[in-house]
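Colleague: Use these hints to put chain B onto chain A, whose structure you have.
Okay, here's what each chain looks like letter by letter:
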Amino acid sequence: MTSLCARPFRRVPAWRIAAAAGVLTALSIGATVSQASMPAGWRAGEPAEIPLVLEAPARATLAAAALDLARRLGLPGTPAPAVRALDRTLGRAFDTINLSSPDGRLATVITNEAATGRLHSAVRLAWSADLDVQRIGSPEAGPAARRFLILAGLAVPATTASTAWDDGMDAWRVRWARRIDGLEAPGDGLVVWVHRGGQLKAISDVETALAPVPAAPISKGAAAAAIGAYLQRTGIDRMAGLAIEEPTLGWAEANDFIDSTLPDAPAPTLRLAWLVRLSYVPPGWTERHFLELRVDAGTGQLIGGTETA
Amino acid sequence: MAPRWRWPSLVPWLAALTVALAGSTGSARAATYPASVYTNVTAFDTCDGTPDTISHSLKVLAQNGFVALGYASAAYETSGFTKAQFLARTPADQAVYVHSHGDQYYAPYPKQVQGFRDDGGDCTQAITYATEVKARRTSGAHLVLMSTCHLAEVARTAGQPTMSEAYGIERLKSTVNGSYRGPEFYLSYVGLAYTADMLRFEQKFWAYIGQGRGLGDAFTLARANAGMSAATVPDWFGEYVYTGRPDGSPGCLNCQ
Chain A
1 MTSLCARPFR RVPAWRIAAA AGVLTALSIG ATVSQASMPA GWRAGEPAEI PLVLEAPARA
61 TLAAAALDLA RRLGLPGTPA PAVRALDRTL GRAFDTINLS SPDGRLATVI TNEAATGRLH
121 SAVRLAWSAD LDVQRIGSPE AGPAARRFLI LAGLAVPATT ASTAWDDGMD AWRVRWARRI
181 DGLEAPGDGL VVWVHRGGQL KAISDVETAL APVPAAPISK GAAAAAIGAY LQRTGIDRMA
241 GLAIEEPTLG WAEANDFIDS TLPDAPAPTL RLAWLVRLSY VPPGWTERHF LELRVDAGTG
301 QLIGGTETA
Chain B
1 MAPRWRWPSL VPWLAALTVA LAGSTGSARA ATYPASVYTN VTAFDTCDGT PDTISHSLKV
61 LAQNGFVALG YASAAYETSG FTKAQFLART PADQAVYVHS HGDQYYAPYP KQVQGFRDDG
121 GDCTQAITYA TEVKARRTSG AHLVLMSTCH LAEVARTAGQ PTMSEAYGIE RLKSTVNGSY
181 RGPEFYLSYV GLAYTADMLR FEQKFWAYIG QGRGLGDAFT LARANAGMSA ATVPDWFGEY
241 VYTGRPDGSP GCLNCQ
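For the record, the sequence lines run as chains A and B.
Counting in our numbering, the first sequence runs from 1 upward without gaps.
Counting in our numbering, the second sequence runs from 1 upward without gaps.
In case anyone wonders, no lab produced these hints; they're calculated from the structure.
Even for Gly, the Cβ is constructed at its ideal location relative to N, Cα and C.
Misleading hints may appear alongside valid ones.
Stated by the list, open to error - Among chain B residues calculated to face chain A with C-beta under 7 Å, some are:
| id | residue |
| --- | --- |
| 1 | PRO34 |
| 2 | ASP48 |
| 3 | THR53 |
This is chain A alone, in the form it adopts within the complex (with noise of 0.2 Å):
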């Protein structure tokens, strides 16, 4: 094949994409978000978000930088001024720029962290049949999607992609996770999903704030026997099946998994844990249930987990 979609990629010169950069971070120093400021954690039933000022020449220069970033990844859409808001779901404020088609429609949405500028997604809503037409598979979406965080100015990285299709975005789905000095964050990560057609649908850059790395991480040996603990403390030992998998340090937020008197946003930040993978058959069940409890490397308590449904 000799073209990925019927608009060639445009190489974008590099003054372009740091002029940009700069005018983001100058936004961003003046930045009214304080995480002092900032309300406890978010519960279900609250606002989840809350709007900040944002000054109108701040509007307008961040709009104007976010045509530029939708032409460059051909993206449609004329902006409208910026808007900022704490995001209580995730800790920290987002600048959202809206780009509306000729009858008004939404067409793109860019989303931009507000302390540091950095870009948080970038989504098509607008269709067109041209989207649809068959021109790319598995093989070309990932170079597809380097070419996309190329023009967006981000940084490709170094390690595997993985790409599936994605039936819920009608898009194929090209995900880095996110590796920390080679210690994965599942839960952040890169992700660009590419239309059949070659077009970007958007792309998702989540990378959350890190903790310090503690200075005295416990051992494999120590994340078990916290475990195990727990495990005796609320009967899971007992369980028909228990199967433990073996304890892999990665980055993970705390959430309210163990501890249900705290918010149901998760904290804010990753920290340096060790994440255990378990499974076993609950009493009265046929299928197996699977739990990923965390340990956080610096103080041996069990700070957050999830479950499957």
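Modeller: Showing chain B alone in chain A's frame:
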């Protein structure tokens, strides 16, 4: 592919909008459109040995979402969420939300049928099958969310209805085949779904609906912004531009 939005497809929207504008008050309309929210708390708490808050949080989000869209929604959990209660309300519900264990259960082996477990306040947890839902439905539902594993998958046993089909919602997307599919939308997950991811995704989904987005846009934006792990994969069927409103009106398609 045909365009997603064609003039003939506007006819039912405009007719519905006319009815909505000429109709009665919001509260009276809500009473016309019953909805139910079911959450299995006991499975994720007592039965599996871990404390759980996500089931309750998902219930709050769904209940608030249904009410905001204009449904008269009741909510059931623990001993209130029984198979008998669910099936009794099944014929009339226009919107349904279930958070529970879902799978393609043997019924009996080797036949597999999509279903989910009730709560009942204990760990016995009877399975409600798609075939039982289908038998009680005489018309399609507007909005169905199965917050479970596996219930966005194709049927493993040929000839058995999927859960979406049980509610009269075919496994088709208006974005793909271009035709208007009417005021219907089904959302669930493929394979195993992790509850922490489900909370992240569904919180964003309801939030975008609250901002006036159509259900398709809400799905896409939530998928790109929720920060889920790779393991949890939601999917949908139905009409991309449908707002989820029970009167079937297009609502606020151009909201900014």
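Colleague: What hint numbers does the structure not satisfy?
Modeller: Going through the list in order, the structure violates hint 1 alone and respects the others.
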